[in-house]
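Enquirer: Chain residues, written in single-letter form:
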Amino acid sequence: MKKEKNVETVENEQAVETKNVAEKETKTQSTNAAVKSERILSIDRFRGICMFLMVCSFILPFFGAFEFLEPYMSHANKEGVGGFQILPGVAFADLFAAMFIFVIGLTTVRSFKSREAKVGTKRAYWQFALRGLALIGVGSLLNGLEDGWGSMLEGDKFQDLRLNQKIFAVLFVVAIAVVLFAIVVSFIKSDKLHQIARTVLVYFLAACGLIGLYSLCVSMGAQYPGAQPDKFGGWMWDTLQNIGLAILLALPFVKFDKIGKLVIVFVTFAVITVVEQNGLLDYAGKILEGGLIGGFSWAGILLLGSVFAEMKGENRYWILTSLMLLVSVVMIVAYDVAARKRGATPVYATFCASVSAIVWGLLNYLNNWKPRFDFFAIWGSNPILTYVVNYLIQLLAGMFISEALFGLTAWAAVPIVIGLLALYTLGNWLLKRYNKYIRI
Amino acid sequence: MTETAILGNKDIVRETKRIKSIDRFRGFCVLCMLIFQFLKNFKNLGFLSKLAEHNEANGGISILPGMTLADIIAPAFIFAIGMTFALSFTKWQRLYGTKMAILHYFERALAIIGVGTFLDVCNKVIDTMGGYEFNVVDWILLSLSIVGLLALVLRLLALIPAWKKKLSFVAEQIFYVTLSCMGIINIVITTIDFFAWWQTGSQIYVYWVTLQGIGFAILVAFPFVKAKTWVKALGATLIFIAFTIFHQYGDNKAWLDVPVHGGTIGGFGWGAMLIFDMMIADLYFKNKQYALISSALFCAVGVFATQWLGEINLGSASPTFLLVGTGLSGLIFCVFDALDRFHKSAFDPFVWWGKNPIIMFLIEFFVIGSYTQFMPDSIVANAAWWLGLIQGVVAICLLTTIAYLLSRSKKSISL
Numbered sequence: 001m002k003k004e005k006n007v008e009t010v011e012n013e014q015a016v017e018t019k020n021v022a023e024k025e026t027k028t029q030s031t032n033a034a035v036k037s038e039r040i041l042s043i044d045r046f047r048g049i050c051m052f053l054m055v056c057s058f059i060l061p062f063f064g065a066f067e068f069l070e071p072y073m074s075h076a077n078k079e080g081v082g083g084f085q086i087l088p089g090v091a092f093a094d095l096f097a098a099m100f101i102f103v104i105g106l107t108t109v110r111s112f113k114s115r116e117a118k119v120g121t122k123r124a125y126w127q128f129a130l131r132g133l134a135l136i137g138v139g140s141l142l143n144g145l146e147d148g149w150g151s152m153l154e155g156d157k158f159q160d161l162r163l164n165q166k167i168f169a170v171l172f173v174v175a176i177a178v179v180l181f182a183i184v185v186s187f188i189k190s191d192k193l194h195q196i197a198r199t200v201l202v203y204f205l206a207a208c209g210l211i212g213l214y215s216l217c218v219s220m221g222a223q224y225p226g227a228q229p230d231k232f233g234g235w236m237w238d239t240l241q242n243i244g245l246a247i248l249l250a251l252p253f254v255k256f257d258k259i260g261k262l263v264i265v266f267v268t269f270a271v272i273t274v275v276e277q278n279g280l281l282d283y284a285g286k287i288l289e290g291g292l293i294g295g296f297s298w299a300g301i302l303l304l305g306s307v308f309a310e311m312k313g314e315n316r317y318w319i320l321t322s323l324m325l326l327v328s329v330v331m332i333v334a335y336d337v338a339a340r341k342r343g344a345t346p347v348y349a350t351f352c353a354s355v356s357a358i359v360w361g362l363l364n365y366l367n368n369w370k371p372r373f374d375f376f377a378i379w380g381s382n383p384i385l386t387y388v389v390n391y392l393i394q395l396l397a398g399m400f401i402s403e404a405l406f407g408l409t410a411w412a413a414v415p416i417v418i419g420l421l422a423l424y425t426l427g428n429w430l431l432k433r434y435n436k437y438i439r440i
Numbered sequence: 001m002t003e004t005a006i007l008g009n010k011d012i013v014r015e016t017k018r019i020k021s022i023d024r025f026r027g028f029c030v031l032c033m034l035i036f037q038f039l040k041n042f043k044n045l046g047f048l049s050k051l052a053e054h055n056e057a058n059g060g061i062s063i064l065p066g067m068t069l070a071d072i073i074a075p076a077f078i079f080a081i082g083m084t085f086a087l088s089f090t091k092w093q094r095l096y097g098t099k100m101a102i103l104h105y106f107e108r109a110l111a112i113i114g115v116g117t118f119l120d121v122c123n124k125v126i127d128t129m130g131g132y133e134f135n136v137v138d139w140i141l142l143s144l145s146i147v148g149l150l151a152l153v154l155r156l157l158a159l160i161p162a163w164k165k166k167l168s169f170v171a172e173q174i175f176y177v178t179l180s181c182m183g184i185i186n187i188v189i190t191t192i193d194f195f196a197w198w199q200t201g202s203q204i205y206v207y208w209v210t211l212q213g214i215g216f217a218i219l220v221a222f223p224f225v226k227a228k229t230w231v232k233a234l235g236a237t238l239i240f241i242a243f244t245i246f247h248q249y250g251d252n253k254a255w256l257d258v259p260v261h262g263g264t265i266g267g268f269g270w271g272a273m274l275i276f277d278m279m280i281a282d283l284y285f286k287n288k289q290y291a292l293i294s295s296a297l298f299c300a301v302g303v304f305a306t307q308w309l310g311e312i313n314l315g316s317a318s319p320t321f322l323l324v325g326t327g328l329s330g331l332i333f334c335v336f337d338a339l340d341r342f343h344k345s346a347f348d349p350f351v352w353w354g355k356n357p358i359i360m361f362l363i364e365f366f367v368i369g370s371y372t373q374f375m376p377d378s379i380v381a382n383a384a385w386w387l388g389l390i391q392g393v394v395a396i397c398l399l400t401t402i403a404y405l406l407s408r409s410k411k412s413i414s415l
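The listed protein sequences derive, respectively, from chains P and C.
For the first sequence, position 267 (counting from the first letter as 1) is numbered 267 according to this note's numbering, and the numbering increases by one without interruption.
For the second sequence, position 135 (counting from the first letter as 1) is numbered 135 according to this note's numbering, and the numbering increases by one without interruption.
So here's chain P without its partners, still in its complex pose (with noise of 0.2 Å):
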């Protein structure tokens, strides 16, 4: 009998545990996933919000009736003049891209660790250094539609075209066959052929990337030191291929911890500062974003955003913030370094790291509160596809009906443009509903 009872006294102990087990396991994953959903929800209002600013400064300039906003929508050019400045060199729409830079740079320690996790070390780097190609694969297409197809519909001969416009201008027709491939595959019911729709759509984004790199090497080393006739094709370097560029610059430091990730970027932000203060700026202006130099700044903004992910919520976070403000402005302002988006000087990459960590820092504050229609956080559920179809409509816009959206009114112009703000919130709102999301 007392044998019987201590039998189901320990039963009913490891039952206990069991439930206390079960309990404690169910309240950390429920915490896990609240502080998950937490910070998706900052990172992606703050995606949003850089996604909305973006948008609205490549549709508004097509409107004369909005030419006042012009100032707060243009950049400043290589000598670091134009666009409402608010720092020497640097205009106000010169920290959105920087911005998104730095939201990248919030998920990647995730993402990476989520990758790791699942499909081991050096696959996860494989993976997300074709992530980094494709996107340069991305936007180098996106040019062959411009530069190429766009210069052949206003005139232009196949054979007039520069050589890395013909070769992207090809791809981009092999880019569509591959998509259409990809999209009727869909359609048939067999996870093998998804799989290899994927991979060959991935595959081949990443090789019109590599092409694309090297294209840039190539055009860099051919006007190096200074201008050369321009034997190659020049540039061929946007956005897109930015961004892909800062992910392979960033990639191989995605796993040191926070110290070892600030000394690695500030070392090397150190370096190419005295070396742009010595001259090299001159050079680095010459491309958008600075190209392959300007990448190791935009790949610091990247690993910054990392940093402060990690230390999200954290005293150190604001510490780190308001040192790298201070360190930024007084540079900038008091000694005269030069601060320039083209050209990605370390000093603005800093200050925009900084501003972004601000931004961020005071979103977190707003995570608890969750309406049910997000706008910001709609918009920054599809970044990608937001950015491509924006990129098409800005290139149609501009190639047929540019003049006739210059000259309408105020009355006419502000209905069209909250059409398509409307239309914009609406598809990613549908995308979102749906859990549908674009990604590379």
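In short, the hints are calculated from the structure, not lab data.
Check each hint, because a few of them may be wrong.
Reference excerpt, derived from the structure (chain P facing chain C, CB under 10 Å, subset only) [to be verified]:
| id | residue |
| --- | --- |
| 1 | I86 |
| 2 | L87 |
| 3 | P88 |
| 4 | M311 |
| 5 | N315 |
| 6 | R316 |
| 7 | I319 |
| 8 | L326 |
| 9 | V327 |
| 10 | S328 |
| 11 | V329 |
| 12 | V333 |
| 13 | A334 |
| 14 | V337 |
| 15 | S354 |
For every residue, glycine included, the Cβ atom is placed at its ideal position computed from N, Cα and C.
Knowing the structure of chain P, use the given hints to seat chain C on it.
Expert: What follows is chain C alone, placed relative to chain P:
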């Protein structure tokens, strides 16, 4: 009042222990103020002779646009006051009640202005040798100075154990009331000076230097001494905005640049700075890291604002100067605070310097001032660098010894 008599309970002992880094920081400010000023007299000392120079054109060591190294000392001293103001007021309130504490601190602020006025009177007396003629206000202030000096002598005599305590109290009151009267008169005449300059382009009395600016800032900040942190932030911001509008409007900046530190009007800017400092102090006592964050942000915003609000200008107490002054002082203090954990030795000269700042000011003014005034140029102004350096080292050692003796003595005369 002896320090040991005041420090009756453990809480106060803990408070005093906790703010050792503030004492050290204050001492550093006082030492810099006095030694920089002394070294300024030796023209062959290279950059050392430029440490006290406020004007970049005269070789002042520029650290930020419009700001020299010497410009940070006064805001840093104000910051040191801001760090302990609320704590010290609370201590008085606990010991003597709210009314007495208010009266004491109000009198103290006026007395600081009074001491500054007294030093100016002394300068004017010296100027009479060069032909300066006293006006009515000069005579009144001189008379009050003499009364104040007599009261000081009585207070010194009160240190003798046989002296009656009641008479000591009377001497102390005479001393305070005299200095306060001088302070009030100074505020009035400096305000008159400001408007006189506005109307006629020249000042009449010219009685405003560093101590007056500090005393006036304490008066402006006084209503916020017990306020909550957010009230301090709001109050300081409102005063700062009002002052900024005034500063930026028309030629006001040029007018404010005439009296030292912007005179009484500029004093409102310094007052806003002191309230910001008190706010940072509140944050510091909540969490040390908050002080670092807020100081860095103040400094960054100040430098950032130079693009629209103009250069950092001590003379007119420009808005950018107020922000940078607050932030940079906070950052320097944070360095002291961070180094605090490494300081284990009893040899702590900065603490000695920080304990009796007003007395150190007076000693420097009379002893070192007289020395540089009356010694021949071959010994001071035209002295070789090595001779200047020797005198500088001797002055530091001498003043540090005095500071040490004063800090060791349990009996002190304080404002």
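Enquirer: Going through the earlier hints one by one, which of them does the structure break, listed in rising order?
Expert: 4 and 14
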